[in-house]
Amino acid sequence: RKEVEQDPGPFNVPEGATVAFNCTYSNSASQSFFWYRQDCRKEPKLLMSVYSSGNEDGRFTAQLNRASQYISLLIRDSKLSDSATYLCAVKGGADGLTFGKGTHLIIQP
Amino acid sequence: GAGVSQSPSNKVTEKGKDVELRCDPISGHTALYWYRQSLGQGLEFLIYFQGNSAPDKSGLPSDRFSAERTGGSVSTLTIQRTQQEDSAVYLCASSLSSSGHGQETQYFGPGTRLLVL
Numbered sequence: 600r601k602e603v604e605q606d607p608g609p610f611n612v613p614e615g616a617t618v619a620f621n622c623t624y625s626n627s628a629s630q631s632f633f634w635y636r637q638d639c640r641k642e643p644k645l646l647m648s649v650y651s652s653g654n655e656d657g658r659f660t661a662q663l664n665r666a667s668q669y670i671s672l673l674i675r676d677s678k679l680s681d682s683a684t685y686l687c688a689v690k691g692g693a694d695g696l697t698f699g700k701g702t703h704l705i706i707q708p
Numbered sequence: 239g240a241g242v243s244q245s246p247s248n249k250v251t252e253k254g255k256d257v258e259l260r261c262d263p264i265s266g267h268t269a270l271y272w273y274r275q276s277l278g279q280g281l282e283f284l285i286y287f288q289g290n291s292a293p294d295k296s297g298l299p300s301d302r303f304s305a306e307r308t309g310g311s312v313s314t315l316t317i318q319r320t321q322q323e324d325s326a327v328y329l330c331a332s333s334l335s336s337s338g339h340g341q342e343t344q345y346f347g348p349g350t351r352l353l354v355l
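So the protein lines, in turn, are chains X and B.
Okay, so the first sequence: first residue is 600 according to the numbering used here, each after it adds one.
Okay, so the second sequence: first residue is 239 according to the numbering used here, each after it adds one.
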């Protein structure tokens, strides 16, 4: 079983729509959770940390469900510039992140 | 402020040659991480340093890979006797600390694209 799983997509979404991604993780001892955004041929850039209480940053909302071991990302009022690959990342302790393979999002005009 | 920097940005080498990749973390970040991203694959964690110490080297793909960090700052990842399957983007990240709420967020450098012919 893969440690972190994401639907690879692509998700083709019209501009202005709301889109949601889920990510599941297998290690119940995971402590920290993140969403990164990666543009083509660029490095991952932190989008949001994900907290147990859920958190919101402008059009972006992240949720954590520890019981079901998944995290989610909601993008409202999507923009063309939101087109990218969204990477879910999980950290168990004092070591590296375990990444999903990413979900490819395409916002269409 | 200055982010994580890596050099070289691109490296083309011949099979069997050794290569050295460099990472300069964000100033004040004590934790440093190396990842590899192969074409069409996810990011693969290789090794991390807390200060100059690497507690777990089991993520390195083979004994041809080694990494060191001196002075709690710059790190180098060395690949000896490179093989074609080593071709990938090698990414470095740093964080304030390797653990602790809010301190473990990792920021990535632009990566080194390695092509082994």
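Since the hints were derived computationally from the structure, they do not count as laboratory data.
Mixed in with the good hints there might be a few duds.
[As the list claims (entries may be wrong)] Restricting the straight-line Cα-Cα distance to at most 27 angstroms, the calculated cross-link-like pairs of lysine-lysine (DSSO-like) are:
1. X:Lys678 / B:Lys255
2. X:Lys641 / B:Lys253
3. B:Lys295 / X:Lys644
[Stated by the list, open to error] Coverage of chain B stretches by chain X, computed from C-beta distances (three or more under 8 angstroms per stretch; other residues unrestricted):
4. 273-281
5. 341-350
A virtual CB, placed ideally from N, CA and C, is assigned to each residue, including glycine.
Hints, one by one, checked against the model:
With a C-alpha separation of about 45 angstroms, the suggested pair lysine 678 of chain X and lysine 255 of chain B falls outside the 27 angstroms cut-off, and the hint is violated. Between the alpha carbons of lysine 641 of chain X and lysine 253 of chain B the distance comes to roughly 26 angstroms, so the proposed pair stays at or under 27 angstroms and holds. Distance check on the hinted pair: lysine 295 of chain B and lysine 644 of chain X sit about 25 angstroms apart at the alpha-carbon level, within 27 angstroms; holds. Residues of the region 273-281 of chain B with a Cβ under 8 angstroms from some Cβ of chain X number 4, which satisfies the need for three, so the listed coverage holds.
Three residues within the 8 angstroms Cβ limit are the bar, and the region 341-350 of chain B against chain X gives 8, so the coverage statement holds.
The structure is inconsistent with hint 1 alone, although it conforms to all the rest.
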